[in-house]
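Student: Sequence:
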Amino acid sequence: MITCPSCRNREYEGELFCSNCGARLWAGPGEMPTISLDVSRLPSVSEPLPTEQAAPSLRAGQISVLVAGKAVLLEGRQEYVLGREGLENERPDVNLGPHGGRERGVSRKHAVLRVDRRQLLLTDLGSSNGTWLNGAQLAANEPIRLQSGDEVRLGKLPLRIYFNL
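Under this note's numbering, the sequence shown has 137 at position 130, and the numbering climbs by one with no breaks.
Simulated from the structure, these hints should not be mistaken for lab results.
Among the hints, erroneous ones may be present.
[Stated by the list, open to error] Result set (DSSO-like, lysine-lysine): computed pairs, CA atoms no more than 27 Å apart in a straight line:
| no. | residue 1 | residue 2 |
| --- | --- | --- |
| 1 | Lys116 | Lys163 |
| 2 | Lys163 | Lys77 |
| 3 | Lys77 | Lys116 |
Using the sequences provided together with the hints, build the complete structure.
Tutor: As structure tokens, this is what we get:
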């Protein structure tokens with residue numbers, strides 16, 4: 008654990024910003040901390056994703072996020088934050104922590120799914136480890152339109168997103 012120099016909040020090693028006050032948690036200006044990781048323990052990026060055969064039957068207005076063989080059903084809202092829980096009851100709309108989100112590089116507020124009329128948009132929220140759509144990395148804060156069945160990767164965590172809007 009590390010301690011925020013501004014508010015003394017305790018954070019996990021490797022975090023870049025304090026979840027309480029937003030202060031930078033690394034040393035000097037422009038210097039990013041380096042952390043040695045045992046990459047042999049990281050999951051493979053090319054691990055299999057849920058296949059098209061697993062496409063769920065969805066009612067109008069529903070979104071299904073398939074992660075680690077489980078479906079998370081979303082409906083009734085215009086926007087859903089994808090990420091992992093932080094300290095102090097900070098929870099995104101779709102909490103990927105129980106699916107290995109922390110270990111696979113998912114930020115607390117990693118990306119957002121937004122319903123815009125009859126389309127679904129995905130936006131990376133400036134995440135530390137990036138967001139990919141069908142193998143191509145997204146630019147931060149630029150929404151991109153999804154097609155039902157698209158492969159999305161948050162850090163190293165693969166997802167498949169289906170929807171009926």
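Student: Which numbered conditions among the earlier hints are violated in the structure presented, ordered from lowest to highest?
Tutor: The structure breaks none of the hints.
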